[in-house]
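Chemist: Sequence:
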Amino acid sequence: KQLNRLTNADIQDTFRNFKNNRIVSYVDYFQKANLYHYHIYSYPYKWTFYDDITNNFLGGLYRCVREISLFDEHPFEHEFFCRITQSFPCLKKLRLYNCEAQENDNLQSLM
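If you read the sequence shown in this note's numbering, its first letter stands for residue 1, the second for the next number, and so on.
Keep in mind the hints are simulated off the structure, nothing from the lab.
All C-beta atoms in this analysis are idealised placements derived from N, C-alpha and C, irrespective of residue type, glycine included.
Worth double-checking, as some hints may not be accurate.
What the hints assert, rightly or not - Cβ pair distances, simulated, as ranges:
| hint | residue 1 | residue 2 | range |
| --- | --- | --- | --- |
| 1 | Leu96 | Tyr36 | 18 to 26 Å |
| 2 | Ile40 | Phe81 | 22 to 30 Å |
| 3 | Leu6 | Cys82 | 26 to 34 Å |
| 4 | His74 | Asn20 | 30 to 38 Å |
| 5 | Leu96 | Lys19 | 31 to 39 Å |
| 6 | Glu77 | Lys19 | 19 to 27 Å |
| 7 | Phe18 | Trp47 | 15 to 23 Å |
| 8 | Arg63 | Phe18 | 18 to 26 Å |
| 9 | Asp51 | Phe18 | 33 to 41 Å |
| 10 | Phe15 | Lys92 | 14 to 22 Å |
| 11 | Asp52 | Thr14 | 19 to 27 Å |
As the list claims (entries may be wrong) - Once the Cα atoms are required to be at most 16 Å apart in a straight line, the calculated EDC-like pairs of lysine to aspartate or glutamate come out as:
| hint | residue 1 | residue 2 |
| --- | --- | --- |
| 12 | Lys32 | Glu77 |
| 13 | Lys32 | Glu73 |
| 14 | Lys92 | Asp51 |
| 15 | Lys93 | Glu73 |
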């Protein structure tokens, strides 16, 4: 049996009557694995960790988060890491799961 895939609009519509909470959602599709991954949470985000962030990460400010993991089948580029730096100012631990080389490798890290 094939299930209908939910779109981001479907997810947002589900939470339309939630008062005082902003619901953030986005959908990732991993073509190599034919897998959909749904991210749904209220904002502001209160947890201290945020797992499986992908290139589709929308940004925002996550002051409570101290630990993140990044996962994608596409390479993470310099601009993505700039967005991560701005979104997680109190970050202490980063885990990275990705085997793809950056496409724009002429940017050098300042580490």
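Chemist: Broken hints, numbered, in rising order?
Modeler: Checked against the structure, the hints that fail are numbers 6, 9, 10, 12, 15, while the rest are satisfied.
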